[in-house]
Each structure stands twice: as C-alpha cells, then as structure tokens.
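Peer 1: Each chain, written out:
Number of protein chains: 6
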Amino acid sequence: MSQRPSGRAVDELRPLSIEPGFSHHAEGSVLIRAGGTEVLCTASVETRVPPFLRGKGQGWVTAEYGMLPRATHTRGLREAAKGKQSGRTQEIQRLIGRSLRACVDLKALGECSITLDCDVLNADGGTRCASITGAWVALAQALKSMGRSAALTGQVAAVSCGLTKAGAVLDLDYDEDSTAQADTNFVLTADGGIVEVQGTAEDKPFRPEEFMELFALAQKGTKELFDAQRKALEG
Amino acid sequence: MSQRPSGRAVDELRPLSIEPGFSHHAEGSVLIRAGGTEVLCTASVETRVPPFLRGKGQGWVTAEYGMLPRATHTRGLREAAKGKQSGRTQEIQRLIGRSLRACVDLKALGECSITLDCDVLNADGGTRCASITGAWVALAQALKSMGRSAALTGQVAAVSCGLTKAGAVLDLDYDEDSTAQADTNFVLTADGGIVEVQGTAEDKPFRPEEFMELFALAQKGTKELFDAQRKALEG
Amino acid sequence: MSQRPSGRAVDELRPLSIEPGFSHHAEGSVLIRAGGTEVLCTASVETRVPPFLRGKGQGWVTAEYGMLPRATHTRGLREAAKGKQSGRTQEIQRLIGRSLRACVDLKALGECSITLDCDVLNADGGTRCASITGAWVALAQALKSMGRSAALTGQVAAVSCGLTKAGAVLDLDYDEDSTAQADTNFVLTADGGIVEVQGTAEDKPFRPEEFMELFALAQKGTKELFDAQRKALEG
Amino acid sequence: MSQRPSGRAVDELRPLSIEPGFSHHAEGSVLIRAGGTEVLCTASVETRVPPFLRGKGQGWVTAEYGMLPRATHTRGLREAAKGKQSGRTQEIQRLIGRSLRACVDLKALGECSITLDCDVLNADGGTRCASITGAWVALAQALKSMGRSAALTGQVAAVSCGLTKAGAVLDLDYDEDSTAQADTNFVLTADGGIVEVQGTAEDKPFRPEEFMELFALAQKGTKELFDAQRKALEG
Amino acid sequence: MSQRPSGRAVDELRPLSIEPGFSHHAEGSVLIRAGGTEVLCTASVETRVPPFLRGKGQGWVTAEYGMLPRATHTRGLREAAKGKQSGRTQEIQRLIGRSLRACVDLKALGECSITLDCDVLNADGGTRCASITGAWVALAQALKSMGRSAALTGQVAAVSCGLTKAGAVLDLDYDEDSTAQADTNFVLTADGGIVEVQGTAEDKPFRPEEFMELFALAQKGTKELFDAQRKALEG
Amino acid sequence: MSQRPSGRAVDELRPLSIEPGFSHHAEGSVLIRAGGTEVLCTASVETRVPPFLRGKGQGWVTAEYGMLPRATHTRGLREAAKGKQSGRTQEIQRLIGRSLRACVDLKALGECSITLDCDVLNADGGTRCASITGAWVALAQALKSMGRSAALTGQVAAVSCGLTKAGAVLDLDYDEDSTAQADTNFVLTADGGIVEVQGTAEDKPFRPEEFMELFALAQKGTKELFDAQRKALEG
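Sequence order for the protein chains is L, S, U, H, C and F.
As numbered in my numbering, residues 1 to 235 make up the first sequence, in order.
As numbered in my numbering, residues 1 to 235 make up the second sequence, in order.
As numbered in my numbering, residues 1 to 235 make up the third sequence, in order.
As numbered in my numbering, residues 1 to 235 make up the fourth sequence, in order.
As numbered in my numbering, residues 1 to 235 make up the fifth sequence, in order.
As numbered in my numbering, residues 1 to 235 make up the sixth sequence, in order.
Hints are not guaranteed to be accurate.
As a list, the in silico DSBU-like pairs of lysine-lysine whose alpha-carbon atoms are at most 35 Å apart [said to hold, decoys possible]:
{"no.": "1", "chain 1": "S", "residue 1": "Lys84", "chain 2": "U", "residue 2": "Lys84"}
{"no.": "2", "chain 1": "C", "residue 1": "Lys223", "chain 2": "F", "residue 2": "Lys220"}
{"no.": "3", "chain 1": "S", "residue 1": "Lys56", "chain 2": "C", "residue 2": "Lys82"}
{"no.": "4", "chain 1": "H", "residue 1": "Lys220", "chain 2": "U", "residue 2": "Lys220"}
Since the hints were derived computationally from the structure, they do not count as laboratory data.
Nothing here was measured: the structure is a model prediction, and the numbers come from that model.
Work out the full structure, taking the sequences as your base and the hints as a guide.
Peer 2: The following block contains the structure:
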C-alpha cells in the first residue's frame, strides 16, 4: 500500500471550513471549503410552491448545482451557453435535493419553497458532498430566519470514500478520485441513519467487505462534519 | 408486518422472461419481462468511437433509456416532444452505461461502439434494473456476433430491494416502490462483486442493518437473474 | 417488368396482424404488424383539452409518432437525446392526427382528449400507414371504453403504393420504397371516401394515369385492412 | 352553389405578378404576388454540399420557408424567438425542396448547393404554392448566373384547389381556404407530369371524382403559371 | 483624407424613402429604404400586456428584429432553423424597444401592447438605425388607428456615424461600417434630447473630441430623418 | 437636489478592492468588489482559436458573463436550467469581450484564446463595469504567465454614471440605478481614449450637456480604477 498523494492518513478529512454569510441577500448562505474544493451554498425562501404541491398545505425543498467554468484544471463549457445542464449536473442536484428533503418536515415548513443553490467556485474532488454538507447549514439558517427551525428534523452531512492505491480512504481529492478503483458517497444523519448511499466500481467490481470498510470511514468522517456544521451555525 | 400487495414472499422475484430476437435489425436484442415491467433492450454496433477515444485503440459501451409515453398508468409527455430528456432519464442511462462497461474489456473490444437502447414498453417498477439485466444479454449477443466474446469479462444483473410495510422485500413493483420507506438498487456480478449500489431513504433515514438485509436479498435475487440470462443466451 | 423483391403479386399486401392489448395501461392499444413493420399504437384518454378548445364543448384527437433508435437497419439518433423531433416525424404525426380526426365527431366526444401514440418497434417501410391503420383500432377501443362509440363516424385505414421496377405495386416494403420512382400514401374510408392523399415523385415526375393506377391498388388494399381492423375490434 | 367571396370564376387564378431582382445580393430572386399573398423567393449559391453528399460529384437543392410575424391577420409568434420551427413550417419547406429538386439534374449542377429561401411578406392563402412557383424562377436565374442552365431539367409550378361552397375552385384565398371542405395542392411540370400531389379532407372525406375535378382545375391553372414564370425569366 | 466610397459628402445621408402601407394587415407599417438597406417595419396592436404589467393600468411597447437569410452578401443561417436568436439580434431588438418606449406614455396607451417588428429585407449597413427610424412611423400610425395619438410624447430617429478613412462621416454604409475605426449610433429626439447613444472603438480607442464631431453629424442627420418621418405620416 | 442614498459625494466611487488569486486553477483571476457588487473574474488560456481565425496567425479574446441565482435581492432563474442566456447576459458579455479586445494586439498574442469569465457572486449595481475592470487585471496576469505581456497594448477600466435625484453621480449602486433618469457606462483607457460609451434614457431623454457632465465624472472615476488595477497587478 502506498501513501495518499496528500500525505493524509487514510481516515483523515481535508482541512475544512464553513464560513457563513458570504451571500449578501440570501436567507442562508455559507462558503464551504474542503481542501481545494470551495462551494458557495445559498438558501433562498420563496412564498410559493411548485404546481404539484399547490393547496396541499406543505412546502418544498429543492436544489440546483453549478460549477463555474474555470473551477477546474481546464476550463469547462458554461452550461448556460451550451443551453443545457449535463446529466452529471442534474444527477448531483437531484441528490442534493433528496438529501436535504430528508431532514425537513415539509408540512411544518408551510406553503413555501426553499431553493438550495450550490455553486462550485473551485473544484478539487468531492463537490457534491461538500454541497450537501454546506447546504444543510444554509438551510438551517434559512429556517431560523423564518422562525421555522422546528421543521428541521435532523442533521445531514455527506462524504466520499474510495478504494485507492493507499487502500480504503476517506474524503477523496481530485487526484485520488480520478484514479480510484471504487468511489462511494455517503449521506448520513447525526443519529446514525442512512439518507443516501451510492457506490460505483470505476475499474473493477469491489467486494462487500470493502464496501463495509468504506462505510465505517464515512461514519467517522461525518462525525467531524456534524461538529463543524454545528459550530458554523452557532458562530 | 403485512403481506406484499402481490402476495409474493419477501424474497421472491416477479415472474421473469427474457425473449431474444425481438428487434429485427439489432446485433443483439431481448424483450425482458419482470412482472408487468417490459423493456426492449437492443445492442447496436457501430464502427466508430466518441471523439475523446479516437485513435486510442479501444472501444466504448454506452446506453440510452426511454419510456414510451403510455408505458405508465397516466400518459407522460414524450421527451422528444418536450425537447429534452429529464434528469431521471439521464441518471438512469448513465447508470446502465456504467454498469455494462464494468463487464467489458474496452481494449479487447477494439475501436468500435456498442449502444444499448433500453426502451420501456410497459412499466410497473424496477425498469432500470430490468434494463441492466436485459442489456447484458443483448450485449453478450452483440459481442458474439462480432466474434469478440472474449471482451466480455463478467456477468452483470440488477435488482431493486426496499423497506415496505411487509419489511425488507425483493424486486419491488410499482405499488411497493411508490410507498417504500427506502429504495435500493444493486448491480452485482455473478462472482459476487458490487458494480453499483444505490440506496435512498424516501421517507426517513434507514439503519445500516436494514441496508445489510436488503443487500442479502439482492444477492439471492440476482442469482436467479444470472441463471435466466444464461438460459436466454443459450436458448 | 421484373418481379417484386418479396415475390408478392403487385396487388398483394404484406402479411398483416393486429394484436390488441399490448399496452397494460392504455384505454386502447394494438401492436400492428405489416410484414417486417411493427408499430405499437396506444390511445390515451385525458379529461382536458388544449387551450384553444377550452370551454367550447368539444374534444380533441391528436397523434404523436416515434421510432425506436434501432427500429431501422442502422441505428438512428434518439430524438429525445437530440432535443428535437425531425421534420419527418412532425409531418407524420400531423398526418396521423388529421386522418383520425376525420372519423370522429369532436362534439360527440365531449371535453376530453385522445392522444394516439404510434411507436415503431421495427421498421420495414410503410410505418406511417401502419400507424394510421392501427391507431384507428386503438381509437375505437378507447371510445368504447368511454361509452362514446357513437362519436366514431367512420372507419379509416391507410396504405402506400408506388411505381417500382415491377410497375405499380401495393404496400411497399423498405427495399421497394427506397428505390421507387414515385411513392404515394392513401388514407381512405370504408365507404370509399378520401381522407388524405399524398403522392411524391422521387426520381422523375409521373403521369396522371399512373396515379390512377396506384389509387386503384390502394382501394383494393384498404378493403383488406378494413376487414382486419374489424376483426381486431371484435376479437 | 354560391359565388366565390372574391367574385372570381371557379377556374380563375388571382392576379399574378412575378417581379425579379427584389433582393440585392442573391444569385436569383423574385417577389411573387398572387392576390394578397406576397412571397420573396431568393436562390443562394454556395460552393459546398451537405456532409452526406461530400465527394460524390453532385450538388444539392434545398429550401427554407418563413413567414414574417405580421404577414397574417393577427400577429404570429416569431419562430426565431420561440426557438423552433413549427411542424407546418418544416412540412412546407420539405415540400418546396422536394419539388424543386425534381427539376434539377444534381450531377450536372456539380458540387455546390442552392438554397431557396421563401419568406412570406403578406399572407392570403396559398403561400406554399406561390413559394414553389416563385422559387422555380429564382432557381432558374441562379443556374443561369452560374452558367449551369443545362442542369434545369423541367419547369415546375404549384397551385391549390379546393371544394368550397362555390364547388370545386382554383387558387384558394384565405377566406376560402379556412372554410373549404377539402384542400389540395398540385405541383406539376410543364410537360404534364406530377411532381407532388397532396389532398386533405378538412371536414368530411371527399369522393374520387371530386378529386379528379380539382386535378383538372390545377392543370388549367398551372398552364398560366408556366407562362408567367417564362415571362419573368425573359423580362 | 480620402473620399467616401459612395462619393457622398461627409455629412450626407444616403437616399431615403419611407413607404407606408407595405403590410396588408398591420395597424402600422412602412418599408424604409436608406441606400441599399431596406427594412419592413410593422406595428401590431394586441389587447393584452406581458404578465409583469397585468392589472397595472398601463401598456407596453416592444420590438423584434430579424434579417432574411439572404439580406446580406453571403447567406446567413436562418435563426428559426438554428433554434435561437444571436446575441447581436437580441441586442438590437432590445435597443429598438427601449428607443421607442422613450416616446410613448405607457399609461396613456392603456392596457394593450404594441409590437414593432423590424425585418431587414436587404442589408447595406445601418439596419438598426433604419429600424428605429421606420418603427417610429409605424408606431405613430398604429397609435392613430387606435385613437391614442396623445400617447405619443415625442419623435425619435436614429443614425450611425463613424470614423473612417474619410474622417468623421454620417450614415455609414456596409463598406464604411466594416472598416471604420469607430462606430457610433445616436437615437435622438426632435427637440434635441438623447434617447440612446452607443459608441464602439473597433480598432483603437478614439478621442472625446472625435466623439463630439460624430455627435454633431448625428444631430444634422436626424433633422432630415425627422422631416422624412413627418412626410411619411402625412402622405 | 437631494443626497445620494449612500451618503457618498456625487463624484465618489464605492469602496473598491481587487483581490488576486481567488481561483486555484486559472491563468489569471481576481475577485473585484465595488461596494456590494462582487465579481469573480478569471482568464483561461487555451491553445486553439475559434474556427474563423484558424491558420491566420492571430489569437482571440472573448468573455462570458453569469450571475449566481441568488446574487440579487430575489432569486433569479438559473440560466443553465432555463436553457438559454438572456438578451441582457449576451449583451453584457459581448461588451466585455469587445472592451478587452481593444487593449490586446491579437497578432502578438499568437494562435491561442483567452476566455474571460465574469461571474457575479453578489450584485448591487454596476456589475458589467466591475467585470471589465476586474477582467483587465486577470487578462494582464494571464498574458504575463504566458510571457506575452507585450501583447497588452493598453489599460482599460469601466464605470457607470447616471442622472439621479442627487444630480449627475459617479458609480451608481442598485438603488440609484433602478430609479435613475439616465444611465451611462464608459469604458475608457488610461491614456484618455474611449473604448465604448453607452448612454440610455430610462425615463425621459437627456440633454447633451448632461451627457458631458457624466463623461467628466467617468474620467475622474476611471483614474482611481486604473490605480487600483495597477496595484493589484503589482501586489
């Protein structure tokens, strides 16, 4: 087994910061940094719901995800200029939306919508997980500003784990992610529940026991994320 | 615990058939039926590769997914008429493509592409899993027709499992799927490997031990799918 | 004059079958087979009308047409992936819609819509004519299921005829269609009326008397189609 | 039988003029006026062919059709603003293209393209027929300017006929067109051939003998159109 | 300093004509010709306003701009076929709309919309300025036809000026426009006000005193345009 | 005359900062802040040019502009999700591109492209001017990193001025911008040249002498911007 490119221990998160208030206008916002990955997460409250929920006495939480063209090593095409969002973008924003809805009581929210915008300013792997972890804080801020903190039913954070040349490791950066044999994302709750789990064999299938090892890393890693989220909310 | 709506045992697959040769022109094709779900899977060989692979001496396997407008209880809008594929469609076809690439040696394939089209003629839950299971057979047929069976490095099938009022159950139909507390899809190989695993809490987070129970059901269920795939290929 | 590639007599239809009930959910459905051409036709009833008809006390009948990517010899691009329907697709679905509206009393239908989806599973020429012939049966089934059979004012079927090396022939298959000097489509009613006629010189202009010959073939051919439609409805 | 709204005889064309040279830049152009219908037809020569014809030693003729937003009684949406061409537009431009290709020897044209743009400045029925009739003149001008008049193998013109309250009539204006029981378009050659024929029952099916009556009117009408085309070319 | 390519004096407009009534249906219309530039401007009245103005007791004036594919030396792609309007088109139509709204009292207009369609039939530079100058006449006609002439609060016209090899010149044609060092457009009112001014350095920055020189030319040029507009309205 | 809402003097810029290096990957980048307006400007170098410049021995400079959905008081729709860029966005990015091309010798740049992405993180008026001012610094950084500083032929900055209740004022914030009688943007060079000037009467036309007053403010304001740009480059 070789060392991780970053020199981190296999169960070590990247340096993390969650800075509230980056957006001047949003009801909730943080700039979350996980190593070289930086995502601006904002929560916007609107007093209307999508057509399929009108008059049902409940609210909605949804997410949109984007990446600035030069958040990456080589410039990517701007999706607004191409005229459509890629399948990857849609997949990620659907995941963020589902993950955050899992910790909100939509009836207690009342007939309004909260949109979580996660825009990647700098990318170095793990952008979807950082988005979820940051969006939870922005969501909690927004609910507080509405006087609806009671609608928040849980605490959700996400982290990626993978099988690399250094074995099973926590919180992959881009170098690790692009060469991993398997890549998993875990969205977990502070009380030990699973909100979403996704595992993909990139190169060859992996074994159930490897999957369990990755899961254990994720459980350790999200504990630290939950602490950071709480500090950001209190700060 | 109540009974399943269909009366099936918790670890019982729906009646399954894999009928080869439905398409008149494709290099490989099956009509797979899992209960009321029917998917036409075709494999089309083309002697060119996408731009990013040109001149690299390897091939490509990709998938597209569609649902006829009236495959469902109420008619859905035709995606060609709307002018774009939904996020759900893109997510599913990306999953099918990844899953099938996991069992092909792209270098052994040579510089050509195989497109797996999975079109749902009738839907009753589990269409993405049926698509993967059927597409594997169509892919194997196509590789055989090209004299490249050696490029097939494994056998892949998929099944959904979920937490319902009847507990953890195998192979959800639409009734179960739309009310399940958690929904998981497992793409496994015949030698026990994991190609892809996706678990989503629909209502409230689920526990790690519940996840393991669903995994065990999937392992049992895919065994039967692997047998049916082999019979369809031999038949 | 040479023989037809298929060995058929010049006034001989391809083997025809109209199988009802292929779709599990639609109010009307048939799988129509004309030689190697197979089209799934479904009729979907919805209790609303397009904006331009709201409050006018009448209904609407419309059609959509699609072709699975590998219905043809070489795989075609999926229109949903391209993001638009081709001119050919739109032309065909407009033709199907007009043809079927010609045999429905829209006032007697009441304020609801029937959408006829014609999806080509296998293509060997004549897909638009098979779509019309099959859609009429699905429409009749749907009207019956609504208790509105009285709104059906006529019986409509369609067939193509063309000038080939074997002279004027009935019901062209793909081989004939792609090399014909002239190609015509006739949509006729069981009582001898013309709903739609389209004739196109592919190579060089044709003579009025040749057109009359093609028309006579169509009159003979549709008689057999009308019988098959009635049998399918009764069966 | 009542009179025609315009007072014209049943076999009388609308006042016709074909004015060459309206466009300052095009290799061929006319402004054709048929009563209140005015279409600007230009022929543009480009020294390249579509991908499917490259290196085949032949040329291509194609057409595009458009209508200014206020060519009609009430303003229509601009197709460029809507972001797509309607099915009707596509159907018409495909018809114009096919009709004009029928009178050009594409091999004699050589490896270049001629695009016929038909833009309706004022609409009063019969715009597709006026487009074809005018485009033939613009095409002939363009071929002459290229020194390729020999590639023009025939003379093509088009006229609509219909069944109205005044019986079978020639060259419908908007008032007649919008209330006709049947509407037909005939694209004919000066030597009596049929290039394209389209007949549509708008209200109820029509009889074969009615169709023949309409055809006879079209033969008479196009004779006058052929004369006008020749005069425009000579003038 | 060299002469202008056209031989015009530096402060000389191109031959100008404003012909009313070109459109058969529009509430206002002119064909404006400035040298080789010809634009059909129509004003269409509709008794509804955009959503953001509903119920506010005021009207709206907007503009759309288009260019026929062969209005130019070489054929341009049809925007309706490309499926979107270019940035240039949008920029121009936004300019036309703003310019005309500057001379209408939207409250006095009442709850209705006037759309100004400016379609370039032949282009030789200065199409946006000709569009504004012509659209003002069409707008005045439409307001008169509605009995709302009082809502017209001013007279607006536009002209381009530029720095060329002949120095600062008025009313650039295409030859001058495509080689000018600087290009400016002035939208002015008859009482000496500025509605819009745009100046762009094409090659290298220009000096404030050069800008003033161009402005003076525009003031002279628009005086003649205002006279022509008034004549067209009276005529 | 009333005071400015911010209490600033009429010729006072908002607090300005230009922070280099915000992007981890781009060849040049700054985060520019002008009061509450924050724009991330990146310069990306690519070793290819657009098709129309291939083989001409010169390079290209272009710009793209975007606004995060919640950069504004109320959340705007994401352009990538809508599937197209608004006319406003296209107008702004065309302006930025033109402005920056005016200070680059494209031949000295060689056959490569520099794309300037200007993404608004927080908006409070003047985003297009801040984008230009910031993009110039990012461009200079990128040229330096390529060893092509000689291709930079000038220094460009932009500022808005307007007529408000406080008279002619410099550097409008959102409150002033949304109620100004006239709004102008000046893109100037450090040696006193005009690159672009745009003036728009929002409410009623303005006088030439008012325009001159705004111009003088812009000349004063850009002097301070030029200093800040130089400091950011040196820092």
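Peer 1: Does each hint fit the structure? Answer for all of them.
Peer 2: Hints versus structure:
1. Lys84(S) <-> Lys84(U): holds, 8 Å
2. Lys223(C) <-> Lys220(F): Distance of about 33 Å is within 35 Å: holds.
3. Lys56(S) <-> Lys82(C): It holds: about 33 Å lies between the C-alpha atoms, which stays within 35 Å.
4. Lys220(H) <-> Lys220(U): Measuring from Cα to Cα gives roughly 31 Å; hence the hint holds.
Hint compliance for this structure: every hint is met.
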